[in-house]
Amino acid sequence: MISHKMKINGKYDINASSDVIWKMILDPEVLEKITPGIKSLETTDTDTYKAVSEVKIGPVKGAFNGNLSIKDKKEKESCLLVIDQKSKIGNVVAEIGIKLAPSEETNTEIQYTGEAKLSGKLAVMGQRIMSGVVSTLSKQFFKALEKEIENK
Amino acid sequence: MIPAKFDYIKASSVNEAIDLLDKHGFDAKILSGGHSLIPAMKLRLNQPEVVIDISAIPGMNTITEDGDEIVIGANCTHNEILKSDLINNELNILAQAAKTIGDIQVRNRGTIGGSLAHADPSADYPATVLACEATIVAEGKNGSRTIAAADFFQGIFTTALEDEEIITAIRFPKVANGNYQKFYQSASRFAVVGVAVVKNGDAVKVGVTGVADTPYRATAVENAYDGTSSAASHAVDGVEVMSDHFADTEYRSHLAKVYVKKALEA
Amino acid sequence: MGKFIGKAVKRREDARFLKGAGKYTDDIKLPKMTQAAFVRSPYAHAKILSIDTSEAKNADGVVAVYTAQDGCGEYGVPCGWQVDFKNGETMREPQHPLLAKDKIRHLGEAVAIVIAESLEQARDAAELVEVDYEELPAVTDPKKAMEEGAPLVHDQWEDNAAFDWCIGNDRAEVEAALENAHHVTEMEYINQRVAPNAIEPRSYIADYDVNTDKWTLYTSTQNPHLIRLLLCAFVLGIPEHKVRVVSYDVGGGFGSKIYHYTEEAILTWVSKEIGRPVKWTSDRSEAFLTDAHGRDHVVHSKMGFDKDGKIVAHLTDEYCGMGAYLSTFAPAVPTYLHGTLFQGVYTTPLIHLNVVGPFTHAVPVDAYRGAGRPEATYLLERIISKAAKEMNMDPAELRFKNFIPPFDGVKESGYQTQVALQYDSGNYHGTLERGLEMLGYEDFRKEQSEARKNGRLLGVGISTYIEACGIAPSAVVGSLGARAGLYEVGHVRVQPTGKVSVYTGAHSHGQGHETVFAQFVADKLGIPMDDVQIEHGDTEQVAFGMGTYGSRSLAVGGSAIIKSIEKVLEKGAKIAAHKLEAAEEDLEYAEGKWTVKGTDKSISFGDVSLTAYVPHDYPEGLEPGLDYSSFYDPANFTYPFGTHIAVVEVDPDTGKVDLKRFVACDDVGNVMNPMIVDGQIHGGVVQGIGQALLEEVVYDESGQMITGSYMDYAMPRADDVPMIETDRTVTPCPHNPLGVKGAGEAGAIGSTPAVVSAVVDALSHLGVTDIQMPLTPQRVWKAMQN
Amino acid sequence: MQISTTINGKTYSHDIEPRISLAHYLREILDLTGTHIGCDTSGCGACTVNLNGMAVKSCTLLAVQADGGEITTIEGMADGNTMHPIQEAFKEHHGLQCGFCTPGMVMTAADIIKNNPNPTEEEIRHGLEGNFCRCTGYHNIVKSIQHAAEKLNS
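Residue numbers (this note's numbering), protein chains in the order written: chain A, 1 to 152; chain B, 153 to 418; chain C, 419 to 1204; chain D, 1205 to 1358.
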């Protein structure tokens, strides 16, 4: 009836070609910069990284570590982002499908849909705010991506 | 429940607080009333190394009139706000919002500055701050600046404050005709939906809290306002509506419309 | 009636509580006491791959860290009630370990205990224990737990059923009657999981004394002797005379403090290991994850009626979640404390109930205020109200039509139900008539139809409940699978000065025993209340006891005291006769003295007491002293009943329910202290309202609890409820000496369906026939949209 | 950290860790166990005490924040053996059962009456929104506070 799998979905329009965006989101250096809270990203295998992050959102602050990997890649079109992060305050497992589609002339629409599953204290205590957290983090991610694209 | 260890420093001036923030950065948290921070620390969801208590800084808990504005010190408690004659007479909408926060004990400790800096997406003040077009006065390393309400709330628990800035005061224009309406979450008593409406002649300004990850100005309602409450149907236009156990997207959207309507009609 | 019985005597326990001088377990500090913290699983179902306690062991102030590998792994807490499969198979009873060994079976299950010098240090070190888990799929819905392919909670059995049980008439016969019924009403719903939430969290201190080789366990329990029995005989194998269990003031129980919890046992074990006292007090966060929850039934029910509206048959199938393990009384709750109430107050000739009790990856459930009886009442009262709507009858009229006729249990015999029990006495018409009168039912119906024309949504809901209290005759419960007798002990020690110490096995955690028990003791002995002291809660003071739950304290515990008083007076009469130089049969006892009938020759209770202890001039062959202990095993359950009526108004815009009035007319038999009975009703009613409108433990599909704090678990606050309008009828219990039936659970049993029926009534013209509890604004609004 | 407070008219000075809540300080260090702890999230109100004239939740307040403060706990309400009129009213009207939430209720009631000497039933119920009672259904608590207010006004 009620699922604590947090739905993650939305879209973001970015003024860049799907080619540029595709390269950037597969680049660990860029990912490290634009993903909220990431402190380090270490490549352990093709498209698989060991991630250490420190997330501070209002009342909650946690040091996470675990894996981040990119699967089911379809060049410039779509991929699946798999996140598995653990911390003392709880664990997060997320799978987010990302789709790129050209929009207007020079823009690309990024569509993302997926779910995040929480456990531990985060799940028990954070229910009231989790959907807002996901939304804010996504926005931060794409804003940072835009900024990164502008800087290039 | 006991928080993890931390150092506690009671700042005696704004400058001292800013210096401390600058020094400790990510590891520090500002404490004012503590009603958001301390429970999180007890649950160990947050383990700051340094807690900087700004509650004793002189001059930060006054409510004064400055021309057409009411200036409220960041350390004013909800209780001080709801009891202030000045606010009741010149900015009644804020007293209405303050009355709905927490309970007696919480209102005796919680502060307006703390609430705004915390930026809980379901807190009551933000809707009012937006609808009144208040400005937030922040002080940091580079001195003092004012931030328009519209620019202040940037996401869940996220504001335009820099890491080493603190809110020292909030400046509200006087509001003759304002109204705050709230639908309570039955457990926490936060707002599932909170709507602040400020009317001025033919124009209306509408602030909404609880509905999205961040409080927002319902500009679609404002633009469609025709003196009746029919514009309420635009309450969530263009808004990504939150969903939780108490109110899913459909119900929350509906409530937003109902409460905008109520506030427009009040 | 005496001087005190039936009077609203103010409570003697209040002074200490009001001055902050109550003595709750967490208030106790012992010399050299250590503090414990638990490491708990963040998953509902997982394999434990490894536990590393090395860093924690080296942390500041840490005395010890234990896991299941460290010597306590063999122990588990037992279940106290065996409910077998209807095919004869024995109940499946897994070990309930003190600390999880290889596998986690519910969120918050403990995997390690950390003992330190201070609470701060224990908490800090607990954060340093590293546990590696492999998360597994979980199931928390009782019905889904029985589906093909559901994750198994205990691998040793092929499915999740702990038992599959039925009661009542032959199923085929009931089904046939339903086939032939003029009208059949059907319901499918969930009686949701709720958390009892006594405001005092559980708290324990275990203290092992090496010099005497004895333990003292201070515990926030409703039944110290039962805890001692279970702890000694079934968990740690300690001889009972080596353990003292003390339960001073307890801050509310509502069932949740009946059970023997793993934390009590592990602390007792740890205390000997470290040779020091150890304390643990639950946080609210831990309480949500580890206190036994209530309810959790998935129900499918059918009730058949003839063309006059008489009930002809009732058939129900339920899945009642047990949680991950079997808590002390858990299997009895949806079976013997539930199915046996399916007769309700109605003459239903054919009844069949089938209950499957599945394990789920959730914290165990157990008895919560009313225990099985609220769930039975909810079903009966909702389905009858629904049937009334469907048959276009008034819900009160349909009830009157089906009531069992009045019987007092003396002139008229008790009423034999189709589901094992025999009711003691009842007058069900009486409370409904009075309840309707209190409400002004006919006027309300007029107001309602007027209001409806103006778009206002007013509704009224009626519930006419019955419950089985005063649990319980030992032979009966024994035949039903209980592993304990449910008698009670009352010990009356008359001191040489005529002052009286009374020791009861019942335990007060808000009910006011110290006052109410003293009222009837003083009256029966004809002495001032100040001369009577009531003691409870200490296994070394009180001979034995079964504790307080199931509204049994006065009916069973009180009766045991009466038995001892009778013995005291019998012996006292012998002494008095000797002193007055009269024959015993010529004496009468009143107002604290024995008088030779027709004369002014008398001797006071005090003088007789003194003589008993200074037996210089004493009846030959009579033992000195005046001190009696009695065990009272009740002849039957008691059966309080009543009518609860709720009036609500629903906000058409938001679905929010405003509870405008609540009327309760209860019959709890004789009343010792009306003030306290009213208080019990008020509290119970509001708890029942809580379930109807606000409360719900929600686990998500992976077994995470998303209502684990007061930020998300809604309970009634002062401004959620109105004043509760109460009145009573009195139908004495014919089989106990005080004629009392019990009042502790009545409120919570009657109120829930009344509130839900009122909301459904308010929306009935919109086609709403039922709404899932709790009736949150969102649910009510959505029901209105469909 | 060194703190100094006046509690129930008596001055106390202690060196304590900053992370100790006022409730914990009262209970564990001063043995004033009348103040109870019922939750972790400022939800239940059992820990309510009076700090500088106002009801506060002592579990959501660090003891160091109360430094220099004047505190009244439930133990300071009675005058020797004479109970405060609010305490009297709770006893008279059966405003308590298990007694656990009671100290917080009494301390909150004092704040309600102080700020509103003639509270209506609705105002009392609203005033109690930060205090859970699981025993009484609030009925007799509300009545107790009504009567206490009347008594204090007469």
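Worth flagging that the hints you see were computed from the coordinates, not collected in a lab. Honestly, I wouldn't trust all of these hints.
Unchecked claim - In silico contact screen, one side only, chain A against chain C (beta carbon under 8 Å); selected entries:
#, residue
1, Val52
2, Val55
3, Gly90
4, Thr113
5, Gly114
6, Lys117
7, Leu118
8, Gln140
9, Lys143
10, Ala144
Said to hold, decoys possible - Rough simulated footprint, nothing fancy, chain A against chain C, three-plus residues with beta-carbon under 8 Å:
#, stretch
11, 773-779
12, 1115-1122
Note that this is a predicted model, so its numbers are computed, not measured. Every residue gets a Cβ at the ideal spot worked out from N, C-alpha and C, and that includes glycine.
Against the structure, the hints come out as follows:
Nearest Cβ of chain C to the Cβ of valine 52/A: about 17 Å, over the 8 Å cut. The hint is violated. A hinted interface residue such as valine 55/A counts as satisfied when its beta carbon comes closer than 8 Å to some beta carbon of chain C; here the least separation is about 17 Å, so the hint is violated. For glycine 90/A, the interface hint holds, since its Cβ comes within 8 Å of a Cβ in chain C; the closest pair sits about 6 Å apart. Using the Cβ-Cβ criterion of 8 Å, the hint placing threonine 113/A at the interface with chain C is not satisfied: the shortest such distance is roughly 18 Å.
For glycine 114/A, the interface hint is violated, the least distance from its beta-carbon to any beta-carbon of chain C being 16 Å, above 8 Å. Given hint, lysine 117/A at the interface with chain C, holds; its Cβ is 6 Å from that chain's nearest Cβ, closer than 8 Å. A cut of 8 Å between beta carbons decides the hint on leucine 118/A: the least distance to chain C is about 7 Å, and the hint holds. Nearest Cβ of chain C to the Cβ of glutamine 140/A: about 25 Å, over the 8 Å cut. The hint is violated.
Hint status for lysine 143/A: violated, given a least beta-carbon distance of 29 Å to chain C, over 8 Å. Using the Cβ-Cβ criterion of 8 Å, the hint placing alanine 144/A at the interface with chain C is not satisfied: the shortest such distance is roughly 30 Å. Counting residues of the stretch 773-779 of chain C whose CB lies closer than 8 Å to any CB of chain A gives 0, which falls below the minimum of 3, so the coverage claim is violated. For the stretch 1115-1122 of chain C, the stated coverage by chain A holds: 5 residues have a C-beta nearer than 8 Å to a C-beta of that chain, and at least 3 were required.
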